[in-house]
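Just so you know, the sequences run in chain order A and B. Residues 91 to 311, numbered by our numbering, are exactly what the first sequence covers, in order. Residues 91 to 311, numbered by our numbering, are exactly what the second sequence covers, in order.
It should be emphasised that the hints constitute simulated quantities derived from the structure, not laboratory data. Model, not experiment: these values are computed from the prediction. Each hint should be verified, as a subset may be incorrect.
Copies of the same chain are indistinguishable here, so a pair counts whether it falls within one copy or spans any two.
Below, computed lysine to any residue pairings styled on SDA-like, alpha-carbon distance capped at 20 Å [claimed, not checked]:
(1) Lys-115 <-> Leu-259
(2) Lys-115 <-> Ile-99
(3) Lys-241 <-> Glu-165
(4) Lys-112 <-> Ser-309
(5) Lys-148 <-> Arg-162
Residues per chain, in single letters:
Protein chains: 2
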Amino acid sequence: MRVKVYQDILEANDNLAEMNRKKFKGHGILVVNLIGSPGCGKTMLLEKTLAALRERGKVRPAVVEGDLETSRDAERIARSGVPVVQINTQGGCHLDASMLAAVLPDLPLAEINLLFIENVGNLVCPASFDVGESYKVVVLSVTEGDDKPAKYPVVFHHSEVALVTKMDLIEHTDFSLEAALRDMRSVNPKLKCLPLSARTGQGMDAWVELLEEQVQGVSKG
Amino acid sequence: MRVKVYQDILEANDNLAEMNRKKFKGHGILVVNLIGSPGCGKTMLLEKTLAALRERGKVRPAVVEGDLETSRDAERIARSGVPVVQINTQGGCHLDASMLAAVLPDLPLAEINLLFIENVGNLVCPASFDVGESYKVVVLSVTEGDDKPAKYPVVFHHSEVALVTKMDLIEHTDFSLEAALRDMRSVNPKLKCLPLSARTGQGMDAWVELLEEQVQGVSKG
């Protein structure tokens, strides 16, 4: 019974996600769903990514911020000068397709070609809820430990890109990039992994270039 | 409808949690439910806490490890020589009272007076599921950022103790202990906050003494 209800919820969500996806496709928008623990560095990564994208001038981004409470992240992102909408889940542990559908009218879809969705800080639940994204990007910081891909395989299985953040702190931790990569590959052989530091800029070029490439691919398609 | 189903699940869970709680009370066991993000340092904190408790010899602890997958944490804890049971939730984002009830027969309840429950790494969902603990302890590492108490208020509201971990890394971050404390107090004025570093031992004495005090209180009651 409980399983049945959960399946119904997931099915309704998947249908709505498909509708969102069609809308994004119609506008030629790449949609990146960022998933990671609280404090893994998603918001700072976004701030630095938006700054780099603006400097290079090839992409027109916008952001949807998901949080249980507060609009702190949306306020931070708004300083970058890009369109941003905050979703407060009121305690809900993930964004779903209906929440995203509800805020799409507040975004200038005709003027953008890249939409970042910063999901609620949670390495577990958001992995199971398609919101209509082009793909999921899992964010793992070195301070969380290299055992996380094996311990939280679902999100690594469902993502196309893994960003290993806070590389500037790696020398203060026991994090082994090799061990993390090995476990990521064992969960998802196709996962593209990019180590970086939003603070120092290390590895940011590869990430920004990947986004530009993919945006070009979507708008051409 | 969906809300009703969720309420039913929570109510069934609360009833089972009360049964667990009665059992723990009958055995004079203090039960501490550790909640925090993946990688906030729960397992290392437990390892160092168990070592300190053993050295001081006043408390007889055991551990329940909750993870989506793998028994890596239970294997780490087993090296401390204390009884440990691993629960794998198979993708589930929190422990619930029925999962705990199912493993209680595997624990030597008559021989222990402190049970640590390391919940699934998740700052959101475990906060809403009573498992029959004496109280919840929220674990927040400085590398996650000082904005988390305001952004994830539910778990801080439901906890009696907040441990601010990885204090040895604070100089490499922008974490303000003052800002974090202010937001914690605003969510929960009674929350007892202990900053510490399991790695360097800083602040560990206060935490271990608190546990010993509380264990004594429970076994006397």
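Any of the earlier hints contradicted here, and which numbers?
1, 2, 5
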